[in-house]
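Trainee: Okay, here's what each chain looks like letter by letter:
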Amino acid sequence: MADHLLQVDDLTVKFGGLTAVNRFDISVQRGTIHALIGPNGAGKSTTFNCISRFYQPTTGRILLDGADVTNMPASTMARLGVARTFQNLELFGELTVFENVMIGAHVHAGGTWRNALSARPAGVVEHVEHLLERTGLTPYRNTSARNLDFGHQKLLELARALAIRPRLLLLDEPAAGLRNREIAALDALLTDLCRREGITILLVEHVMQLVMAISDRVTVLNFGTKIAEGTPEEVRNDPSVIEAYLGQEMAHA
Amino acid sequence: MRDKTAAVLPRSEADLPGLSARSSVPLGRVALLALAVATLALLPFAVTGYVLYIANLLLVFVVLCLGLHLVIGESGQFALAHAAFYGIGIYTSGLAGNAFGWPFPLSMLLAGLVAGAVGVVIGAVALRMRDIYLALATFAFGEAMQWVFLNWDQVTGGPNGLRISPARLGAFEILSDRQAYPVVVVMTVLMLLLTILISRSRLGRSFRAVRESEVAAMAMGIPVRRAKITAFGLSAFFAGVAGSMFATFSTYIHPDSLGFQTTILVLTMIVVGGLGSIAGAVGGAIVFGLISEFLRQTPSYQEIIYGLILIGFMMYAPRGLFAFIRDKVGGGTRG
Amino acid sequence: MTLDVAFLFLQQGIASGLIVGSVYALLALAIVVIFKTSEVPNFSQGEMVMAAGYIALYLLVFQSLPLWIVMPATILAAFAGAALFRRLILNQVARANGSPVNLVIATLGLSYVLRGFVRQTGFGDTPRSFPPVVEPESILIGQASVTTLDLVILATAIVVMAAFFWMFKYTKTGRAMRAVGMNPKAARLVGVDLTRIHMIVWGLSGGISAVAALLISPKVLMTADMGSIVTLGFAAAIVGGFTSLPGAVVGGFLIGIIENLVGLFITSRAIVLAPFLAIMLVLVIRPQGLFGGRVEIKKV
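Chains as they are written, first to last, in the working numbering: chain B, 19 to 271; chain Y, 104 to 438; chain A, 6 to 305.
Bound-form chain B, shown alone (with noise of 0.2 Å):
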């Protein structure tokens, strides 16, 4: 068993002529909260969308608890344990909240001829409402996803994730367009994830209070290369990292 559940080799993605990430390393140590920053346009979401696997790398490696996924489809991903959120939202807007997380469990609700035939299959149901449940969304369960408010939307996708029973949670922006009370939440929902069920979590996240609050480890990305790594602490003090925010908020001013 690898000390690393993700490890991420010399990750470069070129689109056309624009390099995005350039030789890029990231280790995620297994059962620890990972934060992926940086500025807008640093290369967060593309280096997250290789790891999940809807990019293909131009040049690199992935591994995942030492074996080479890079060449993965993105669809086996999540019978590897692998989970993922998406940053604008992808739920299945027609359905209910209750099917919704029933497709998360989709790698779990076959094995045999029966399961796959049954509209409820043993044990997925139960860990389905379970899992609405725990993320406060019992009462929508026969609710459209699309009618859903913006908060519970995200939730939605946190639980549909979940229905994975995944080792690695990729989250994209977990906690853009939250209110504080939800942020609050989710820092105490993802906490307990890691800590108690020992689920590994990879953010990209701009919400720099949940990041330094939850994370063990930060890496920040600028211009597609990692500038910086370390503790929250130790990220916050780098003057090469106060540097590339402070560049951009002179770039927004």
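Simulated from the structure, these hints should not be mistaken for lab results. Note that this is a predicted model, so its numbers are computed, not measured. It cannot be assumed that every hint is accurate.
To give a feel for the contact side, a few chain Y residues facing chain A, derived at Cβ under 10 Å [said to hold, decoys possible]:
#, residue
1, Phe148
2, Ile175
3, Trp205
4, Ala243
5, Trp250
6, Arg328
7, Val375
8, Gln405
9, Ile408
10, Gly423
We treat Cβ as the ideally placed atom computed from N, Cα and C, and that holds for glycine.
Chains Y and A: place on chain B using the hints.
Mentor: This is chains Y and A only, laid out in the frame that chain B set:
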């Protein structure tokens, strides 16, 4: 936001009796089901052979609609070659009967399988495309198939059409619509149950996931392309079986009735019934089929009324007949 | 087949192909301009052509009006009819908030209504022919034989296409149409009146269909089902990339030529099959068509 949440019925679950967790089957639905069973059972004792012919034809359209529902309604893939698979089914079962004297249950199975296999092959190529491109590619395939039906004289009889010898099972021969009716009813019920089973299963759920968001489906571990091809193959299988059902009570087939118009007729039925719902597919086939039948005597009016119905539905009942009735009766407001 | 004959066939095929192709190009243009601005494949395009043909026939034969009145009147009627359909019907369909395919189904509805209506008037019962606009005389170009009528068709089609492209490129309305085609939301933000642009686009499409009808009707027998000719327009549009206007024109000429060459070199039975094969081939080998842009990566 609030009032929306309250009024929206979960479409995909609402028409699957027994799936909802707090499963109290509404009385209306039971009554409707009982009425349907009674009608189907008593019909042969009450009406003429011609009416039974119409009933048979309507049930064939029900099965066609169920097939198209799987690929368009459940999976969201606009494949428009349904009439071609229907034709493959008719010719396959017709020829299996004509040339080899196969018993009809066997030729029915063969018809479904041949159509399904062609569907899988075509789907593997066509489903790399989506939306309008998929629609046009399958449309072109459908038209090309109709050309094949018209020009492969040795097999299909070409423009002269094909006489279909009576369906047989041992010494028993189906010689009238009345004799065919029980077979057609049983097949329709079987195909309906199969549709419900698929829709409720993990497979159906993966179809709907693909319809709603391909990227999310992929992230949930659903092999999207395979799901689409499966849906398309199943839809072709249904169309093939529908074709073989037609061959049990019909003595003659001409390629003219296997063109785009027929595909559009089936599409119209599921849209008028309500896209995405099994009840809509069945109801749409029956309601719209009956309308066309009543208007058959006056083709020009038939076309005008047909067109006006389509336009009217799209303007004022965009989610189909059943959603429309539900909204009006329930007084709910839809978002 | 000797080489001489093959060369003769080739010349004839290309000449005839360019002539019918010019009409297919107009049809493709009419389809693409709507699709580009509203993502709706207009399945009633063929019936719009058919209806325009019958309007012209009615005015010309039954009302004995001179051609110089009939032509603009027909084009105007088709423009108005199509624009009104967009404004009164499709606007409501779009507002009704169903599936995007509902707009397409509504155009199918229109195609039934138009066909039924023409049948109802009785004109459609018997195939009729439209009097030619000029007396056809045979002319040899190289070894290919064409008629004066053919040349008038080709010339008119080219003039109409040129006018259309000029309008699309240089007028304010044309620029607004392009903006709507690229990004409707942004276009609205910069003050483009979407309803108005959609109406004009449909009107133009109807007008072009009417021109196509006037050009093709003398060469075919008119029936209520003649709208099926639009399949060739769809084939042309696909070959050209479905969202490219120049592509539609090139596609139209290509389909016309392919169709004629297939007829001359293979068998006339296969002519009707040619466009469908072309559609399938193009979509399988190069789904974006000859002029379509690169398929973009979906951002997640």
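Trainee: With reference to the structure, classify each hint as holding or not holding.
Mentor: Hint check:
1. Against a cut-off of 10 Å between C-beta atoms, the interface hint on Phe148/Y is violated, since the closest Cβ of chain A lies about 37 Å away.
2. For Ile175/Y, the suggested interface contact is upheld, since its CB lies about 8 Å from the closest CB of chain A, less than 10 Å.
3. At its closest, the beta carbon of Trp205/Y sits 31 Å from a beta carbon of chain A; the interface hint therefore is violated under the 10 Å criterion.
4. Evaluation of the Ala243/Y hint against chain A yields a held restraint, the C-beta minimum of about 4 Å falling below 10 Å.
5. Hint status for Trp250/Y relative to chain A: holds, with the closest Cβ pair at about 5 Å, below 10 Å.
6. Against a cut-off of 10 Å between C-beta atoms, the interface hint on Arg328/Y is violated, since the closest Cβ of chain A lies about 15 Å away.
7. For Val375/Y, the interface hint holds, since its Cβ comes within 10 Å of a Cβ in chain A; the closest pair sits about 9 Å apart.
8. A hinted interface residue such as Gln405/Y counts as satisfied when its beta carbon comes closer than 10 Å to some beta carbon of chain A; here the least separation is about 7 Å, so the hint holds.
9. Nearest Cβ of chain A to the Cβ of Ile408/Y: about 8 Å, under the 10 Å cut. The hint holds.
10. Taken as an interface hint, Gly423/Y checks out: its beta carbon lies about 8 Å from the nearest beta carbon of chain A, inside 10 Å.
Consistency with the previously given hints fails for numbers 1, 3, 6, ordered from lowest to highest.
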